[in-house]
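Peer 1: Below, each chain spelled out in residue letters.
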Amino acid sequence: MSLPDELIAFEKATLEELAGVANATALEHLRHRALGRKGRLAELMSRLRVVPSGDRPLAGKTANEVRERLEAAFAEKESALAGPRAERVVDHTLPPRALPQGFVHPIVSTLYDAVEILRGMGFAVATGPDVEDEFHNFDALNTPPDHPARAESDTFYLDDGRLLRTHTSPVQVRVLESQKPPVRVIAPGRCFRRDAPDATHLPDFFQCEGLYVDRGVTMAELKGTLTALAEALFDGKVEIRFRPHFFPFTEPSVEYDFRVPGGDEWLEISGAGMVDPEVFRAVGHDPDEWTGFAFGMGIERIAMIRHGIADIRRFRENDVRFLASVGGAL
Amino acid sequence: MKASLSWLRDFVDAGEGADELARAFTFSGTEVEGIERLDGGDALFTFEVTPNRPDCLSVRGLARELSALYDRPLREPETTLDECDYDVRSSVAVAIEDDRVCPRYIARVIRGVRATAPTPLWMRKRLELVGMRSINVVVDVTNYVMIELGHPLHAFDLTKIETREIVVRTARAGERFVALDEAEYKLAGGEVLICDGERPVALGGVMGGLDSGVSERTLDVLVESAYFDPPTTRRTSKRLGLSTESSRRFERGADPIGAEFASRRAAHLIHKLAGGKLERGSVDAFPRPIKPKVIAYHPKRAGELLGVPIDEAFQRRVLGRLGFDVNGDDTWLVAVPTYRPDVSRDVDLIEEVARVWNYDNLPADRAVRGPAPVVLSRVERALRRVRQALVGQGYFECVGGVYVSREEASLWCDHEPLSVSRPLSEDLSVLRPSLMPTLLASAAYNANRGARSLRLFEVGHGYHPKDEGHAAPWESHHVALLVTGPRFDNWSLPSEDADAHDLLGALDSLAVILGVEFSYRRDEGVRNADRSFCVSVLVDGERAGEAFRLSSEVSRKYDLDCPVYVAHLDRDALERRARFIRRAADPPRYPAAKRDLAFILDDSTAAGELVRVVKQAAGEICASVVPFDLYRGGQVGEGRYSLALALRFVHPDRTLEDAEVDEAVKRAVDAAAVEFGATWRSQ
Chain A
241 MSLPDELIAF EKATLEELAG VANATALEHL RHRALGRKGR LAELMSRLRV
291 VPSGDRPLAG KTANEVRERL EAAFAEKESA LAGPRAERVV DHTLPPRALP
341 QGFVHPIVST LYDAVEILRG MGFAVATGPD VEDEFHNFDA LNTPPDHPAR
391 AESDTFYLDD GRLLRTHTSP VQVRVLESQK PPVRVIAPGR CFRRDAPDAT
441 HLPDFFQCEG LYVDRGVTMA ELKGTLTALA EALFDGKVEI RFRPHFFPFT
491 EPSVEYDFRV PGGDEWLEIS GAGMVDPEVF RAVGHDPDEW TGFAFGMGIE
541 RIAMIRHGIA DIRRFRENDV RFLASVGGAL
Chain B
2 MKASLSWLRD FVDAGEGADE LARAFTFSGT EVEGIERLDG GDALFTFEVT
52 PNRPDCLSVR GLARELSALY DRPLREPETT LDECDYDVRS SVAVAIEDDR
102 VCPRYIARVI RGVRATAPTP LWMRKRLELV GMRSINVVVD VTNYVMIELG
152 HPLHAFDLTK IETREIVVRT ARAGERFVAL DEAEYKLAGG EVLICDGERP
202 VALGGVMGGL DSGVSERTLD VLVESAYFDP PTTRRTSKRL GLSTESSRRF
252 ERGADPIGAE FASRRAAHLI HKLAGGKLER GSVDAFPRPI KPKVIAYHPK
302 RAGELLGVPI DEAFQRRVLG RLGFDVNGDD TWLVAVPTYR PDVSRDVDLI
352 EEVARVWNYD NLPADRAVRG PAPVVLSRVE RALRRVRQAL VGQGYFECVG
402 GVYVSREEAS LWCDHEPLSV SRPLSEDLSV LRPSLMPTLL ASAAYNANRG
452 ARSLRLFEVG HGYHPKDEGH AAPWESHHVA LLVTGPRFDN WSLPSEDADA
502 HDLLGALDSL AVILGVEFSY RRDEGVRNAD RSFCVSVLVD GERAGEAFRL
552 SSEVSRKYDL DCPVYVAHLD RDALERRARF IRRAADPPRY PAAKRDLAFI
602 LDDSTAAGEL VRVVKQAAGE ICASVVPFDL YRGGQVGEGR YSLALALRFV
652 HPDRTLEDAE VDEAVKRAVD AAAVEFGATW RSQ
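First to last, the sequence lines map onto chains A and B. Each residue of the first sequence is one higher than the one before, starting from 241 at the first, in my numbering. Each residue of the second sequence is one higher than the one before, starting from 2 at the first, in my numbering.
Among the clues, some could well be false.
To be verified - Here are the simulated EDC-like cross-link-like pairs (lysine to aspartate or glutamate), alpha carbons at most 16 Å apart as the crow flies:
hint, chain 1, residue 1, chain 2, residue 2
1, B, K239, A, E305
2, A, K252, A, E305
3, B, K126, B, E34
4, B, K239, A, D400
5, B, K294, B, E217
6, A, K477, A, D504
7, B, K161, B, D83
8, B, K467, A, D400
9, B, K467, B, D500
10, A, K420, A, E529
11, B, K595, B, D503
12, B, K301, B, D349
13, B, K467, A, D373
14, B, K294, B, D349
15, B, K301, A, D400
16, B, K558, B, E409
17, B, K467, A, D399
For the record, the hints were derived by calculation from the structure and aren't laboratory data.
Next up, chain A with everything else stripped away, as it sits in the complex (with noise of 0.2 Å):
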């Protein structure tokens, strides 16, 4: 038989064995075997050189054409097997499914967001123990022995007359015990006070205070930081006020108040001042070269301001639908 007879057979019978396919796997292994590298096909054009020259354009001919129309009918064949696409319309009412989503949860978010503002404020971050000495946390900070705060009824005191911090100023002493000015510090973290658990207090809690000490430190600078704090925390335009008020450690002394974007009201926040001499004088540095300014924030008044939430204890229930709702991301 000639090669042009032989190609016309072939081309034949793989149409015929084609016909016969039922599904992909079947498909595959014929073309394999018709169409692929090592093929029938293949082999039936390796003879193509051994054909005398004069018979070799129709031979070459005919196999380009058989080849063609065989790439043809697979290609028909493949799309046939394919099938009419299901009939059914997704019901896209259904629930979604969903891989599960996490949440982190809305005290850390809100402290991760006022940390990385403060920070992008040029404020590091310092940490320190939640058990502390009477030092740090009272006579350092100018807290007279007869303070009220330092009562029994206040502080979380432990059998070997060490307490556990009811703020974290005493993180602020140890920097400057340990740096000399200028120092710009946050010192997020837990503190303790015993207070029994209603919807405004609870017996441990987050906050994060700030303290920036360096030559010609003004009040008017504090002023500054808290409003860029809080047009960041808030989302928008945030008004703040300062009121006159007394703490051991500041001198003078504010408590200060945000009047929050969508809001009418003032929301009392937290104290801060000008850090009392006294306390320079404790850590070892020179109240007449240095001023500072140092501010509280209590985390979780925040994230309620901020979430709209209306009882502190639901921060410390985790129940995962509140958590759900409010969680944040990083």
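Guided by the hints, dock chain B onto chain A, whose structure is given.
Peer 2: Using the frame of chain A, we list chain B on its own:
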């Protein structure tokens, strides 16, 4: 502290309405907590006075604030004395034995008063408004002057002072004293006693005695105006549990100089309202006169500290109105009135000026200057990644409280837990030694509200008392996770409960994001663990915690019905080993060859072991061996299981020949047979 508007207006012009005045007070440091409207346009303010301002525990002190705020003169109350010729020093003597606890004692005498004279209505009303009831005109005057001027006074029936000598001394331990409240107090020693010779007739600064006070039968009155040391008064008041209007004022610091004015005022009022003869002069025992402090102050300092200059004339005016005596031109010498014990330094004066100036005038200066080290600590970076990994795995972060009951704490540690000396309750009497009690409490809370599927994690501290390794109570740092209940909550997915492999999956993600490798070793010593799953977690070989199934006993304690899987890890170990910068892997350039092999194994052979042997035997070209199917059943036989492995072979420089791959497979099959007696089922 309460004060009515009309009473304030006795001292200073204040035509403004109550609301405006309240604002002025609040924004200068004396917060008005409430305003009660009274008849005739009058109003009663309730003030929150900060502990550093004892001078504001008086109407005059509050009026002085208004005088500074509005720059108006302060009026003085009437103190003219219509004295008789008799010198009071012939009537009584005063001896102070310890002038540290009582630096000054002033006595005045009025004889032949009509103690039954009615207290005028205006005085009774004013006393009632601030919560004091009328007793008799003499006592009422002492109370009135205390509220008016802030200086507590006491009136004695002079005939009850038999020796006619007031001796001020400290109590001896064990002495007893019967006070006006008719209670008998046993003294510890050190309390200030006002005595009639030997016999105590008043507890100095706190309360008068039962027998020596002024009654309606009293004719001769001794008016005491003294200054008692604040710490002594506080100690006495606290020890005896006796807190009075008088003790509160002495505790915070009364005015040793103002004691004389108060004495005159009281004498004036008693004489005017109850008649009698006012003896001339006073017996004033003031062994070591107290002089006002003088502070050197540069008015420029206010502007330097605040950030904006404050007009010097304004400062001078304000300080003057507040009672400070200002002298000098460039540097001022400011004399501090003795009713301001809280002021002793230039920053205190700056605060006085600033609060009247009003912080609304303070601009917000947003300039950022100075050095700023802003490096994230490794711990912060590690925790950020921990949260990212776990949130990505569907875990919810919990923040639990730190206080637990002793019983709960002892479930989780061998040692005595760290206890607080005055806990809020038994359930909150110790500090958690690990995150387990509070994480389980969060799980229980949710389970009790119908949640079955839970993935929770917590980052926090455990607290421990001192021990051999620690000289003081110390804290450990942890990350813990918990998974329980149906793996999925969707109509199209199976609702099987999560098991150990789900927990291990979360740990695996955690490891990837932290850039570490976890390995696990069975550890039957893990507390509260079910034997079926209890492993130590090692990170790069270092022990970093444990992972286990919670024992059913403990699960029941927390009302958790489905199996609970937890991991409790040491944060510091994770941080130490974490690698924050990952090395890239080049994907292979040549196609991989895949082979699937199935083995029948004995139950005692761990899948990981087979994988290890197969991979090693297959050689370098074997890129991965991953189990993809596990079968137990009749065909395989009791005590055995079938494990199907997907092997991938790849060469970095070329496509592999079939023969090479076949050889590698044969080596693997042989090794498995030799090592485990594993038989090979073809796929």
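Peer 1: Does the alpha-carbon distance linking B:K467 and A:D373 stay inside the 16 Å limit?
Peer 2: holds (14 Å)
Peer 1: Mind checking the alpha carbons of B:K595 and B:D503 for me, to see if they're no more than 16 Å apart?
Peer 2: Outside the cut-off at roughly 27 Å; violated.
Peer 1: Measure nothing beyond the straight line between the CA atoms of B:K239 and A:E305; if it is 16 Å or shorter, mark the hint as holding.
Peer 2: violated (112 Å)
Peer 1: Quickly compare the C-alpha distance for B:K126 and B:E34 to 16 Å and report which way the hint goes.
Peer 2: violated (22 Å)
Peer 1: Are the Cα positions of B:K161 and B:D83 separated by 16 Å at most?
Peer 2: Violated: B:K161 and B:D83 sit about 25 Å apart, past 16 Å.
Peer 1: Next pair to validate is A:K420 with A:E529; report whether the Cα-Cα distance is within 16 Å.
Peer 2: Between A:K420 and A:E529 the Cα gap is close to 12 Å, so the pair holds against 16 Å.
Peer 1: Need the status of pair B:K467, A:D399: alpha-carbon distance at most 16 Å?
Peer 2: holds (11 Å)
Peer 1: Take a quick look at whether B:K294 and B:E217 sit within 16 Å of each other, Cα to Cα.
Peer 2: Answer violated: B:K294 to B:E217 is near 43 Å, above 16 Å.
Peer 1: Take a quick look at whether B:K467 and A:D400 sit within 16 Å of each other, Cα to Cα.
Peer 2: Roughly 10 Å between the alpha carbons, so the hint for B:K467 and A:D400 holds.
Peer 1: Would the hint linking B:K467 and B:D500 be met if the CA-CA limit is 16 Å?
Peer 2: Given that 16 Å is the threshold and the Cα spacing comes to 38 Å, the pair is violated.
Peer 1: Is the straight-line distance between the alpha-carbon of B:K239 and that of A:D400 16 Å or less?
Peer 2: Distance ~23 Å between B:K239 and A:D400 Cα, so the pair is violated.
Peer 1: Next pair to validate is A:K477 with A:D504; report whether the Cα-Cα distance is within 16 Å.
Peer 2: holds (12 Å)
The structure is inconsistent with the numbered hints 1, 3, 4, 5, 7, 9, 11 and 15, although it conforms to all the rest.
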